[in-house]
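J.: Sequence:
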Amino acid sequence: NQAWIVFMEDQNHQANINRISFWASSPKRVDELGKIIKDAGAKNISGPRECPEYSPTYYAVFFEDPFGNCFEVCYRV
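Counting from 1, one number per residue, gives the positions in the sequence shown under the numbering used here.
In case anyone wonders, no lab produced these hints; they're calculated from the structure.
As the structure is a computational prediction, the values presented were derived from the model and not from experiment.
For glycine and all other residues, C-beta sits at the position ideal for the given N, C-alpha and C.
Worth double-checking, as some hints may not be accurate.
[Said to hold, decoys possible] What follows is a set of in silico ranges between Cβ atoms, one per label pair, in the way DEER data are often shown: (1) Ser25 x Glu53: 36 to 42 Å; (2) Arg19 x Thr57: 35 to 41 Å; (3) Gln11 x Arg49: 26 to 32 Å; (4) Gln11 x Gly41: 18 to 24 Å; (5) Glu53 x Arg29: 32 to 38 Å; (6) Ile36 x Gln11: 36 to 42 Å; (7) Asp31 x Pro56: 14 to 20 Å.
Let's have the full structure, built from the sequences with the hints guiding it.
T.: What follows is the structure, encoded as structure tokens:
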């Protein structure tokens, strides 16, 4: 297993769209977790979907918790 923590800071110290990302073992697992996330009442759900803007094999679901914190579950080869 691998884990990464990345912090992105705006040069003007403005708020940006940082989010916490969780890695899934397959696109099917992203789909399964996407359903659980939706059923749990997450807000602003986007996906699951392919995300070629990140990489050709990036597949993810994006969502917010009740406090507006941004998260994603993703798979990438």
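J.: Confirm or reject each hint.
T.: Now the hints, each set against the structure:
Take Ser25 and Glu53: their Cβ atoms lie about 22 Å apart, and the range 36 to 42 Å is violated. Checked against the hint of 35 to 41 Å, the pair Arg19 and Thr57 fails, with Cβ atoms roughly 19 Å apart. Take Gln11 and Arg49: their Cβ atoms lie about 30 Å apart, and the range 26 to 32 Å holds. For the pair Gln11 and Gly41, the beta carbons lie near 36 Å from each other, so the given range of 18 to 24 Å is not met.
Range check, Glu53 to Arg29: about 21 Å between beta-carbon atoms, so the 32 to 38 Å window is missed. Taking the beta carbon of each, Ile36 and Gln11 are about 37 Å apart, inside 36 to 42 Å as hinted. Evaluation of the 14 to 20 Å hint for Asp31 and Pro56 yields a pass: the beta carbon distance comes to about 19 Å.
Of the hints listed earlier, those the structure fails to meet are numbers 1, 2, 4, 5, in rising order.
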